[in-house]
Each structure stands twice: as C-alpha cells, then as structure tokens.
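S.K.: Build the full structure now, drawing on both the sequences and the hints.
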Amino acid sequence: MKRNQGFSIGAVDPAEDQYNAELLRRIALGDEAAFAALYDRFSPVLHGLALRMMNDANEAEDVVQEGFTYIWRRAGAFDASRSSAFAWAVMIVRNKAIDKLRVRLRGERLRDRVNTFPEQFTDRDEQSAQEPLFRERRTEVLSALSDMPPEQRQALQLAFFSGLTHEQIAEQLGAPLGTIKARIRRGLLRLRQIFQREI
Amino acid sequence: MIDEAKQQAAIDYILGELSPAEATNFEKELAANQELREFTKGMMEAVASTALTATPARPRPELFSQIISKVNPQKRSRPKIVSFLPWAVAACLAIACLVLGIKEVQTSRELADLRGHDVLSQLQIAMLQSQVDAYAKTTGIIIWNDQRQQGVARLEHLPPPEQGHDYQLWIIDPKQPVPVSAGLVPMSTGEGARVEFKPVHPVTSAAKFAVSVEKTGGSDTPQGKIIFLSQ
Numbered sequence: 001m002k003r004n005q006g007f008s009i010g011a012v013d014p015a016e017d018q019y020n021a022e023l024l025r026r027i028a029l030g031d032e033a034a035f036a037a038l039y040d041r042f043s044p045v046l047h048g049l050a051l052r053m054m055n056d057a058n059e060a061e062d063v064v065q066e067g068f069t070y071i072w073r074r075a076g077a078f079d080a081s082r083s084s085a086f087a088w089a090v091m092i093v094r095n096k097a098i099d100k101l102r103v104r105l106r107g108e109r110l111r112d113r114v115n116t117f118p119e120q121f122t123d124r125d126e127q128s129a130q131e132p133l134f135r136e137r138r139t140e141v142l143s144a145l146s147d148m149p150p151e152q153r154q155a156l157q158l159a160f161f162s163g164l165t166h167e168q169i170a171e172q173l174g175a176p177l178g179t180i181k182a183r184i185r186r187g188l189l190r191l192r193q194i195f196q197r198e199i
Numbered sequence: 001m002i003d004e005a006k007q008q009a010a011i012d013y014i015l016g017e018l019s020p021a022e023a024t025n026f027e028k029e030l031a032a033n034q035e036l037r038e039f040t041k042g043m044m045e046a047v048a049s050t051a052l053t054a055t056p057a058r059p060r061p062e063l064f065s066q067i068i069s070k071v072n073p074q075k076r077s078r079p080k081i082v083s084f085l086p087w088a089v090a091a092c093l094a095i096a097c098l099v100l101g102i103k104e105v106q107t108s109r110e111l112a113d114l115r116g117h118d119v120l121s122q123l124q125i126a127m128l129q130s131q132v133d134a135y136a137k138t139t140g141i142i143i144w145n146d147q148r149q150q151g152v153a154r155l156e157h158l159p160p161p162e163q164g165h166d167y168q169l170w171i172i173d174p175k176q177p178v179p180v181s182a183g184l185v186p187m188s189t190g191e192g193a194r195v196e197f198k199p200v201h202p203v204t205s206a207a208k209f210a211v212s213v214e215k216t217g218g219s220d221t222p223q224g225k226i227i228f229l230s231q
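Protein chains in written order, with my numbering: chain A, 1 to 199; chain B, 1 to 231.
Hints listed in this document are in silico derivations from the structure and should not be mistaken for laboratory results. A couple of the hints might just be wrong.
[To be verified] Only pairs whose alpha carbons sit at most 30 Å apart, straight line, appear in this in silico DSSO-like list of lysine-lysine:
no., chain 1, residue 1, chain 2, residue 2
1, B, LYS225, B, LYS198
2, B, LYS28, A, LYS181
3, A, LYS100, B, LYS70
4, B, LYS215, B, LYS137
[To be verified] DEER-style ranges, computed between Cβ atoms:
no., chain 1, residue 1, chain 2, residue 2, range
5, A, ASP62, B, GLU162, 34 to 40 Å
6, B, ASP220, A, PRO176, 55 to 61 Å
7, B, GLU196, A, LEU189, 41 to 47 Å
8, A, ALA57, B, SER69, 18 to 24 Å
[Said to hold, decoys possible] Just some of the chain A residues that point at chain B, by a computed CB distance under 8 Å:
no., residue
9, SER43
10, HIS47
11, LEU49
12, ASN95
13, LYS100
14, VAL103
15, ARG138
16, LYS181
Glycine included, C-beta positions come from ideal geometry on N, C-alpha and C.
M.R.: Below you can see the structure in the form of structure tokens.
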C-alpha cells in the first residue's frame, strides 16, 4: 500500500485512492486502526462539509457521527469501480446532512435559505492551511469555482450544500428549472474537465 | 459519447434528484454501459470535490471515541466487572506509569510483581525501549492480553513519522519465522499515539514487541528501522 501526503493533482491520486480503498477494505473486516486512520484523514473535510451545510456545530457533529457510523457498517459495500473512497465518504455525509436539513427546512422559509446562503470559497482561513491532506486539491477546486460565472457557481453551491432540490432552487432564484440544471451541469463538467486534464 | 440527457441523468443521480424508480433504471443503464459508468464516476469526483470548498475543521477529539462506542457497543458496555477490571487497572497503570516516568524505575521487578497479581495475571505489560537516539524522549507501554489476542499500545512524546512513512507495531513470536504485524500506529492529536491492536494472525507467544518505521501504509514484514523494542 502506498500513500502520498496529499493530493498532488485535482483529480483522485491513484496511490492515495488505493490507500483509502485499502483502509475501507480493512474497516469492512472490523479493523478499528484502519477506521481511526480513515477518520484522521477524512474527518476535517467531512466535518467542514457538515458545518457548512448545517450551520450548527451540534448538528454538524451529529452528521459526522452518523456518517462515520455508516462508513463503519457499510464499508464492505464500497465499490471502487464506481467512485473513489473520498467521493463515497463525501456523498454519505452529504446525504446524512440533507436528511437533517430537509426536516429542518420544513419549518424554514425557502427564500431565507437561498438568500442567506453564504458563498464561501476563500482559501484564506488558517484552519485549511493546517490540513495538508487536501490542501492542493482544495486550492484547485476553489480556483476553478472562482473562474466560473457567478450564477453557475451559485447554482452549483446551492445544489451541493443547501439541501434544496433543483426545483426549489429554480423557484427561489426565479429561473427556469432547465436553466438551473444546465448551470449545475456546466459547472460540474468544468470541474471534471480540469481533473481529467491533470491526470 | 455521452449525450446531454445522459449527462444530466448522471448528475441528477449523483445529487439525489432522481426518484427511486428513476434511480433504479439509471443503475441498470450504468451496469450495462461502461462509458456511462466512467462518466458518472468522473462526475462523482467532481461533485465530491465541491465539499473541499467548505473550510476544513477537525472535530473535537472526543467525537471519535463516541463513534467507536456507537459502532462497537461491546466496548461501550462491558457489563461484567471481571471483563472490565483488568483493562481499567491496566489503563490506569499505563497512565500512571507514563506520568511518573516509569522508564526509570526498576521495571522488570515491578512488572514481575504485577504479573503475579490475580487481576493482572492474564495481561502482559511491556515497556518499549528506544533503539535510536532520536526517540530517546519517547516513552511507550504495551499491554497485551494473550487470551484475547489483543492489546493496547501507548506512546508519549512520539514525533510524527517523516513524510512517506508510518510507524508499525510488531509482535515477535519465537514460534513464527518473522515478526507478526499488529498494524500501523496512527498519531493522535499532539505528540503521541494510542492504539488498540490485534495481530494480523494469532500468535502463540508474544515474546517481544517492536515498532519500526515503514513506508506509508506499512509492510507485511519489517523492512524499516526498528526504533522501539520491548524489554
């Protein structure tokens, strides 16, 4: 097993991904040390993601706890042919956060959610500088996002972080659903293109 | 070439925009279409990368213990005191030893006394001795339960391994031709490490314990320098 210190490219570093997949394989066998290693690697990003989505420290912690519990129990279901271990873990935590958000959103005005949703894509914070593992990849994603037209970036961030459906986003932004979907698609294709170019 | 409609379906699938029936249909297509699978995988990485725009934040240290208690209830609730007591005593002993700098006391005599004690009779306690000057300040203790084939290692003032390397724990069993891996030693927050370990296969007798510096991810047999060896 090999492991590099951090992603050197925007896409998934094969050695890095292989290492993470191996950790998941061991976790599926009940290896707590592997679980601790994976937690150590992924938890800063996943906790950051949960905080961003929930905007509440306690709820974010619940999301991380539920996410890692799921990872422990379902590690055997991870399929490396369908995603990297990192992407798999991100989507698990995102889904856990969305479950909670959608319960919360029932009592919250959608317009408030859209209008007050922060656009955060600065890399000036000290915390991220202390997390070397994803630093380079993060910088590349931030750079790609900052190059996008603002409406594309907004659609992409709302689609990923807000817990709103595309239909709700379209409704609240006053744009046709097809336009919102196209913005999200173009934004993601752009990100994907950047990663593929650098592999 | 994946057309726009399929691209959109892949994105909707990843972002959870499809109904359960639509998702099932899409998965059938995925199974049958390699190009679509590759596209969807690439798109999944792009979507997941968006998470990196959130500011990373390490959770508070206690959270991991809470998760472990949740996923491994046996650890959380050991109702029988006979099961819990040796580990509790051992943990207290380990902490006390480290705090008081036990490496300087007449370890072998004291440990022999402890081994004779009923509660600790099933435990093997070993102090790790630094084999290289760079780790002279590191103190380490291992508590091994032969019956259960599991143990706890605690190292204080252990500097992080050099980039591209990991610390790996080994059990030296005289009946086996090579040391048996007991896994990597993940670093805790701050200087030090605590790891609960099991050998990759059962050992007959844990005569000694060792820690080596291995290439990242570890090795099947020790390849790197041995930096600690138990007494």
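S.K.: Which hint numbers doesn't this structure obey?
M.R.: Going through the list in order, the structure violates hints 13, 14 and respects the others.
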